[in-house]
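A.B. asks: Listed below are the residues making up each chain.
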Amino acid sequence: MIGGLFIYNHKGEVLISRVYRDDIGRNAVDAFRVNVIHARQQVRSPVTNIARTSFFHVKRSNIWLAAVTKQNVNAAMVFEFLYKMCDVMTAYFGKISEENIKNNFVLIYELLDEILDFGYPQNSETGALKTFITQQGIKGQTKEEQSQITSQVTGQIGWRREGIKYRRNELFLDVLESVNLLMSPQGQVLSAHVSGRVVMKSYLSGMPECKFGMNDKIVIDKQGKGGASDEAGKSGKQSIAIDDCTFHQCVRLSKFDSERSISFIPPDGEYELMRYRTTKDIILPFRVIPLVREVGRTKLEVKVVIKSNFKPSLLAQKIEVRIPTPLNTSGVQVICMKGKAKYKASENAIVWKIKRMAGMKESQISAEIELLPTNDKKKWARPPISMNFEVPFAPSGLKVRYLKVFESKLNYSDHDVIKWVRYIGRSGIYETRC
Amino acid sequence: MCDFPFFSLVCTGEIFELKAELNSDKKEKKKEAVKKVIASMTVGKDVSALFPDVVNCMQTDNLELKKLVYLYLMNYAKSQPDMAIMAVNTFVKDCEDPNPLIRALAVRTMGCIRVDKITEYLCEPLRKCLKDEDPYVRKTAAVCVAKLHDINAQLVEDQGFLDTLKDLISDSNPMVVANAVAALSEIAESHPNSNLLDLNPQTINKLLTALNECTEWGQIFILDCLANYTPRDDRESQSICERVTPRLSHANSAVVLSAVKVLMKFMEMLPKDLDYYGTLLKKLAPPLVTLLSAEPELQYVALRNINLIVQRRPEILKHEMKVFFVKYNDPIYVKLEKLDIMIRLASQANIAQVLAELKEYATEVDVDFVRKAVRAIGRCAIKVEQSAERCVSTLLDLIQTKVNYVVQEAIVVIKDIFRKYPNKYESVIATLCENLDSLDEPEARAAMIWIVGEYAERIDNADELLESFLEGFHDESTQVQLQLLTAIVKLFLKKPTETQELVQQVLSLATQDSDNPDLRDRGYIYWRLLSTDPVAAKEVVLAEKPLISEETDLIEPTLLEELICHIGTLASVYHKPPSAFVEGSRGVQHKRLPGSAGSGESADSPDTGSAAGVSEAPPAVIPSQGDLLGDLLNLDLTPPTTSGPPPAPSSGMQMGAMDLLGGGLDSLVGLLHRTDTPQSPQLSHQSPSPPDYSPTEVGPGDHAGPVKARSPAMGAGFGAPPTAMPASFPPPVSGGLDDLFDLGGSVGMPMGAYSPPKSIWLPAMKAKGLEISGTFARRAGVIQMEMTLTNKAMSIMTDFAIQFNRNSFGLAPAGPLQVLTPVGPNQSIEVALPLSTVGPVMKMEPLTNLQVAVKNNIDVFYFSSQYPISMLFVEDGKMERQVFLATWKDIPNDNEAQFQIKDCHLNSDAASSKLQGSNVFTIAKRTVEGQDMLYQSMKLTNGIWVLAELRVQAGNPNYTVTCISKERCVHQGSSYRSNMLEF
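Heads up: the sequence lines are chains A and B, in that order.
The letter at position 240 of the first sequence is residue 240 when you use full-length UniProt numbering, and the numbering goes up by one with no holes.
The letter at position 955 of the second sequence is residue 955 when you use full-length UniProt numbering, and the numbering goes up by one with no holes.
Next comes chain A alone, as it looks inside the complex:
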């Protein structure tokens, strides 16, 4: 299991060091600094073995988190734990920075004591942790409160405490998708997929039982067989094939496995209910058509057309097209029909920004790039043109069909809950080769 956990700043100074196992000595702290942080060549793996000791590291801005072990640990678990540790810290004191870590080091030690015992990760749900790791002391608690805490931390529903009350029962569902594309210069889709997340903010009283439904092809086809032919036939068209999905630990997985229904008791506040991935019938919101022409050895002509491909009534926002330029660029002239374009020498790219663009429109940019003559034999690698945008629909075609709330002990019903649903599609890695 994890033998120790260290946090360093960018200089390699150790900010937090907690050792769980006897086989990890103080020299491990230095070994990581010397061999990874200060390594002459950047390390090419997130797992490093130094003198029979394995180091796992992740970096958050300029802070290094390293877990150390001498055993054959579950590597996936260690990384998951490090991410979780980052989440917990963020939930407690915001951004992970040197300043925040130094100011909260006592809290961090307390957390590390709680969520890792002898190197074994324990309950690390922020909701539960916040009930008893407060930095305020817990002496004021009654016996009932104490046992409530412990049963929550160890219980089956570790993510939610009892006795939550809201005057207004309300929930928000955000369907957040990122659409990824790799397209050949000729416009052939090399790979495309959507990775989506359903994020829920729940402000519900008591211990509500929820059921979530979406236009999952498997569910709808099943219902279609069961009868109600008309409606099923209609909605069948809109159903989507989900390649795979994963759920927050509150979802009863065995139930999903057998009935494909998503039922759960949600944590309070914001959390990620599910993640999913689709590859079929993706709506690609934009098409990029590049044209690069080399005129002699010192000039490059670039023309890029973007076409929006969705309902004209919808508006895409925050559109940004990034056209890479060679390293030996000496000057650039740009003309664009819409938005603003600028050559950014430090990033070796022309960045073209458009605030808003409606569906089924087209826009164009053309640029002339002057090059310095070089002796460098190596050809310019032509990195792909990438794009960023945000659209108010789900490119996968996912639709939320229902989210039902049942709370048997309290007197509010499904109808009393105010529900909000919002769809946001963003670009993930959206690239077109040129």
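Please keep in mind that the hints were generated in silico from the structure rather than gathered at the bench.
From a predicted model like this one, the values you see are computed outputs, not experimental measurements.
Hints are supplied without guarantee of correctness; some may be wrong.
With a Cα cut of at most 20 Å, we get these calculated SDA-like pairs of lysine to any residue [what the hints assert, rightly or not]:
hint, chain 1, residue 1, chain 2, residue 2
1, B, K31, A, S413
2, B, K792, B, R779
3, B, K45, A, G25
4, B, K318, B, N307
5, B, K283, A, Q188
6, B, K131, A, Q148
7, B, K93, A, D281
8, B, K327, A, Q188
9, A, K255, B, K67
10, A, K102, B, K327
On the chain B side, residues computed to face chain A include the following (Cβ under 8 Å) [claimed, not checked]:
hint, residue
11, D171
12, M175
13, L298
14, H319
15, G568
16, E583
17, K766
18, K768
19, M794
20, T798
21, D799
22, A801
23, M844
Glycine residues also receive a C-beta, built at the ideal position from the N, C-alpha and C atoms.
Guided by the hints, dock chain B onto chain A, whose structure is given.
C.D. replies: Using the frame of chain A, we list chain B on its own:
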């Protein structure tokens, strides 16, 4: 003031100041002071002096303060065990506290204090806490048992904690179950044979129930534990699989991977014709693909595992090629892994896409990645025959880019393509030859030379091309030299008339002017082959080449099986069994996949039985290079065995032969004479680095093509069954005598000074992965310590240095240890350290014992070795006859020692000339009653003379040696020295 008050203190007076603050009456001040102490501790400052003051703060109802004090205690208790006892009372009291959080905190902390006296006090509270009414306390106590076991295993067993822990598996609270499972698994690991985790269907059922309810981490513990279970039959296996599959949808990748591990393992037991088997296979693909959208570090872990899964069951992901396409922004470690998997999944169906991608990658920036991409194109050509033509043309396009490393990499893979598809793509040779001048890497040069040699008959100016390489022969790396030698010999066999001069030239370069034994050996073998039987030479050198394998870099099947059992863990990331990187007994036991159920016949064993997928995998590897080599040696050397010792080498070889005999040939000669022993041990000790040597003479073998057959089994191959390997290192020195007399067989050959074969001085186990083997030799009047440093650890070793302890003859390094380059993992490096004899002297027991300390960037290691005294004999040890006689008489009788050498079949002349090689000089010879008496002298580096009389009786294999010396002290080592003297 500094922004961060707790991190800013440094000065010397601070300890004093802190002391005052810790003893302050004000609670707030106390707390701040403890915080400062912890901050200093974090930065690595020693604040142990404050121990009593900090412990005094423990008695508090402020939980935050208490936790800080505990943190301090855990750090320093070990260094101050007596003081730590002061804390015990508070712990014991806290374990009775009404607040469960405090009870748990106390038991948790107590387990972390590794002081024997404290552990004694821990037992009672722990027993209570294991049965506490509060689950939070129980789950903490469960882990505490593992902690205690780590400190004192016997105590845990005696106190019966293990049984209590087992009972916790049936606890009502899922988290308690999970922690108990984790603790038990860990304890069981250090007791491989115990039946601690008594997994039976009932407990499995309990675990599976808890699996649905506990935290994500608990699920991982339980799944990892389940993976160790072997179901009784396929039905049980299926029912467990059914209950584990829902975990594949968990958001935590570690849960998913652990579930995959359980399924991969239990699937082995399912009959292949079962519907469920197919369903399961289909269910595995999506979650594996989903792992690739996780954070990059997890992607890396997932990809390393997918690499294993794809080798074991290629059918799972065969349609998922696209998800492994490299994204421009992927971190380099993800890119490289994806590339590996792309090649594994490449098939006729998707090859067009793959090739288009690879071509794209070959224009990227990262050099390593580009190289790997180019190599991948070659591997595709070899794997999918239909694509070979397209691959070759892609490679030619890449060569046209003239980017240096791309060109070189392309040439290396084109060589392999030629191997796979002979007589098909030779038209491109012209293009390749154009780039001859730009090749500066050894591998590429070697590949190009191979191509020229192989197709010498079609390249008009092949001799010119090869000759141009020959000019700088000595500046080339060994790889290129060897290849050049072979290529020219091939050329000669194809065009004997025009190239005679060239072949002469290369053979003499290789045999006379080179100090590389591999090269000389190969040179000699070719030379002898060509001079004795050109027809045989043609058969050997231009033999039909065995097919190269389609699949490349496959992990050896038993290792693969073991790694599949370790999916998700570090072992699967390193692709090494846990024993390779874990110290001690933990996790060293090898895990295996269960045998398949159903028939249970051998035909259905997991290796052969895993359906179409793997059965096509056992590739047509090169048929045992070793055998070929064995044949070659027989071919060359067998006739002489029957007709006595081999004829003296022709005069042209004489020079090289001198020290060749000292090193390389002795084993070959031994081979000839020790007919009763199998030839393998000798063969193997001649090659301290088998991988370099093994393919040498086997013309075709050295082009193992893309196979790069460096798996351990192959490397050690070399004609010797692997079991013979241990025999290759004779026991140190004392065995030297035997070896010498083996050597004795080679009568009439001029001899170099004897030096025993290398033996292991420092095993890797004792030196954190550094293995040192070595020997001593006297070369041209200089004593040398010749060592092979092998790095068996996984990190690079640098900064080597060496020192000797004082010793009997004042041996000391004459210069620093010359290890200029860092030694990478699994690399070894040869060093010769010249020794002087002017160091400090101290008598050792035994006399020739030498204690050595070697330092590297990791640590300092000590070992001792014994050197043969013969290396201390100086060249001017020949005494005047008169002086000899006088001295002999001078020395009192009790300075005399006598002993016998058994089983030596040399005549006196031969023995004398042999001994002279080791600076043992014969002064006179007498023959009395059929007995030859040799009078010999030798002089040690410290100026002491030793005189000896050697009696050899014809027909009697036993020699009698009497030796005397003026100095008694030297003499006391005689029993040892005797061993050395007589050769």
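A.B. asks: If you test the structure against every hint from before, which numbers come out violated?
C.D. replies: 1, 2, 5, 7, 9, 10, 11, 14, 17, 20, 21, 22 and 23
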